[in-house]
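J.: Residues per chain, in single letters:
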Amino acid sequence: MKTLSKKKTKQPDQTDPSGNQATEVGIDELIGHPETRLGEMIEGTPSCLKVLDQAGRLLTMNAKGLSMIEAPSMQEVLGADVFSLVAPEDRQSFVDFHNGVCAGESGRLEFRLVGLQGTERLMETWAAPYTLTNGEVAHIAITNDITEHKQNLQLLEAQRHALELASRHAALGVLAGGIAHEINNPLGIISGLAGLMKAKLARSEIDVEDFACKLDQIERTVTRISEVTGSLRTFSSDVPRENRELCDLHQVINQTFTLISEKSKASGIELFNEAATDLCVEINRVQFSQVLMNLLTNSLCAIEGLEARWIRVSTQLLGERVRIVFADSGPGIDQAVVEKLMTPFFTAKAVGEGTGLGLSISLGIMRNLGGTLSYAAESENTTFYIELPLASSDYASNV
Amino acid sequence: MPLKLLIIDDEPLLLEIWKAVCGELNWECVIAGGGHAAIETLKQHEFDLVITDIRMPKGDGFVVLDYLHEHGTNARIYVCSGYIDDETAALSRYNIQRIIRKPFSFAEELKYFRSLDRSDVP
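In order, the protein sequences belong to chains A and B. Just so we're on the same page, my numbering is the position in the first sequence counted from 1, plus 20. Just so we're on the same page, my numbering is the position in the second sequence counted from 1, plus 1.
I should point out that these hints are in silico values taken from the structure, not numbers from a laboratory. Even glycine gets a Cβ: it sits at the ideal position worked out from N, Cα and C. Hints may contain errors.
[Stated by the list, open to error] Now the in silico label distances, taken between C-beta atoms and shown as ranges:
no., chain 1, residue 1, chain 2, residue 2, range
1, B, 72, A, 194, 43 to 51 Å
2, B, 109, A, 392, 23 to 31 Å
3, B, 99, A, 224, 45 to 53 Å
4, A, 257, B, 47, 51 to 59 Å
5, B, 72, A, 351, 49 to 57 Å
6, A, 221, B, 70, 37 to 45 Å
7, B, 67, A, 363, 57 to 65 Å
8, A, 288, B, 46, 19 to 27 Å
Here chain B stands alone, though its shape is the one from the complex (with noise of 0.2 Å):
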């Protein structure tokens, strides 16, 4: 079966290289473009996998972090941020496994992402 990743940015090119990325790797990728929207994909899906932006209009990071830290997840939780130095503290509260920063090399993180046993993601 598939990996199941959501991604949230409100950057909508962004989104389209994570599907691409995703598609690569012929894991199932739901992308939201905000902090709210995310939190009502997640009403309705489990992931495997979530890799959220910090700083978005519609509902930020925190939103989402929030989120899953009350209602409790199964996955695995990455940050993918421009900037994130101002947000270091606040970050450190939750269980965060990887921060990506952006610019990213898409060679890099597909090769990451395969480099990945099945069982590092649960």
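Next comes chain A alone, as it looks inside the complex (with noise of 0.2 Å):
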């Protein structure tokens, strides 16, 4: 069985105050003798670092892991049964990891670890395997403690959801006439069939085939407005980000382009949705919906006063992936607002108009997607391109 001493780390009795003479001193003499040199080291080492044997028992341990477990000495702990340190919740995975460790395997895991005191911490562990004197192969470690790291990344990930959640809802906002009207029209339809027939029926005057093709007006007019609640849902929706299902490319577009039909059709502006209908992708239908909807309010304010309006989403394979080419009839952007283009809080609109994070948090979505976001300067009108993952066809099969 191999135990490594627990030397008191002794100063270096040869060092100069003022450093001088530092590269005249024998690394020997600076670091302590090569025997105990390694020891000293380990006990010193800002990290816990640890030697579990097969059945999970805790042959050494460092003063830094000694310090997290809360125990007052290695003589306390000697031989102790490290599994029952690991918060119940975690336990199995922690003693699968320890036999593929003793198995030869390393590797990485997080847990949480539960001190003799009954302090709770988030542990990330790196371990190997490691040949005891014996013959026996053990589990060698080191461990931190990210509980604090892991709660910094938490935090950051709740404020970026946020953002993004808030950064919908003011794209929501500048869209609600639009949207009032898009539900208003087709409820006028309903609303007008429905008198129709209440006023023929008032005077008896029964055609059967026109009130069936009525009422087949009315239920094809009420699709049309849950096509606009449902995009309106979706759009809204508070969904987190880690839930991906796999999309219709062409679908969620036609989705995107409900909501703001209305707005482009009150400024002329005309719609394209040319994507290809059978491409598959694995996202998160609500962040990607945002990212086209981030593109189309740039778009719709760059070119409403241009003599040409319209934008075109279309699509190109490339391999594995797939490019989404989202054009539109302005002349391209200028060079110095290209560089800033993807900069958080930039803005090329007025003043109060934009809040400059559209395309920054729409780079953040896409690069969580596993995908791009670019502007596409080669392009003869204002062009970006997004690239995502194609969903594999075994997949998109059974979608």
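Using the supplied hints, reconstruct the complex from the two chains, each of which is provided in its own coordinate frame.
T.: Structural data, given as structure tokens:
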């Protein structure tokens, strides 16, 4: 059985306070004698370093590790069952991981540790097999407390999520009028058709064929409204970013177009969805729709006053990936603006009209989805490329 | 002589409904699917009443309102729209007698038009 001696850290006695002589001092003299040097280094390491035998008993642990498990000394915990220090919900995965290490695998694991005083910590451990002097393959690991780091990450993630949601809601606010119109118009049709039928009924003028046709029209109009409310719901819902689903790309583009169609109609802007209809991507529908919406609202704003007013979305296949080509009738973006395009809080819109967050949030979303968002400077018209991995064809055929 | 109406809306079904309203009233009804088409019609015909939507792709309601404003008209002007909150200020510049909000009730509109004394609609 191999144990490491726990010698106290010694100050080297040959150091010159000015440091001038440092190069002339031998390394042994600076950091101690070779046989004790490693032990001292291990003891002074600001991470937990430990060795467990196959049964999960603690063979040795440095000072940092002892403080993490809240043990007063190595003697108190020598041979102790380490599994019992792992929080119950993570214990099985720790045991499995440990067995893997003792079987010769190296790896990384996150788990919750409950110290002897009851403090819970989130730990990240990097472990490798380690052969003891008796030939037994044990588990050696460096382990760090990542509780605070993880909390910061979660906070950051929550803030990013809130920002995305706020940005979506802001986009909806801008579109509210158009969406109200998009719902009230078909409601007008339903109300009108119903009134017309009632007027005929009142006169006992019942033409079965005519009534059936009007009822069909009412049903179709209801479907039209539900598409709008469906898009609204999709777009405004607060779904976790890890919620991904297989989506038909053409359909997602259509859904986003629905939200913007009234506004584009009001400005005389034509929308073309020329994306191939057989492409399947694994995305978070809401987030992806937000990226499209950001590009759409930017385009609407930019081309409103132009003679030619259109937005065209098409697709190109690049092997395992798809490129969504988002183009509008604008003449391209000034080089000076292009350089800052994706910078948070940069906006080319008038004060109070843009937050300057749209494209930077979109870029973050696309990276998170394993894709990219870029400006296509070489294009004749203002064009952005969105690239995404395609879902495998096995997946696609199941959709 | 029946009253003559021009209805401008980009929703074909709404045009059908307005036609039916006019049918009930025995009024003459001409329809246009957008502002530009409406102006072509206005160049050739006089109307007693013009009802126009605002947001339309092929010439919006303002195109029509501007035309009527510039050329002068005896027609009464009604606006029929699903959402005009963003346009209230712009609309206030025109001589609009009535705003009909979508969705409107077929029966209510019929009642309203029937209650009109013929002299109310020149």
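J.: All hints, please: hold or fail.
T.: Verification of the hints:
{"no.": "1", "hint": "72(B) to 194(A): 43 to 51 Å", "in the structure": "violated (35 Å)"}
{"no.": "2", "hint": "109(B) to 392(A): 23 to 31 Å", "in the structure": "violated (55 Å)"}
{"no.": "3", "hint": "99(B) to 224(A): 45 to 53 Å", "in the structure": "violated (32 Å)"}
{"no.": "4", "hint": "257(A) to 47(B): 51 to 59 Å", "in the structure": "holds (53 Å)"}
{"no.": "5", "hint": "72(B) to 351(A): 49 to 57 Å", "in the structure": "violated (36 Å)"}
{"no.": "6", "hint": "221(A) to 70(B): 37 to 45 Å", "in the structure": "holds (42 Å)"}
{"no.": "7", "hint": "67(B) to 363(A): 57 to 65 Å", "in the structure": "violated (42 Å)"}
{"no.": "8", "hint": "288(A) to 46(B): 19 to 27 Å", "in the structure": "holds (26 Å)"}
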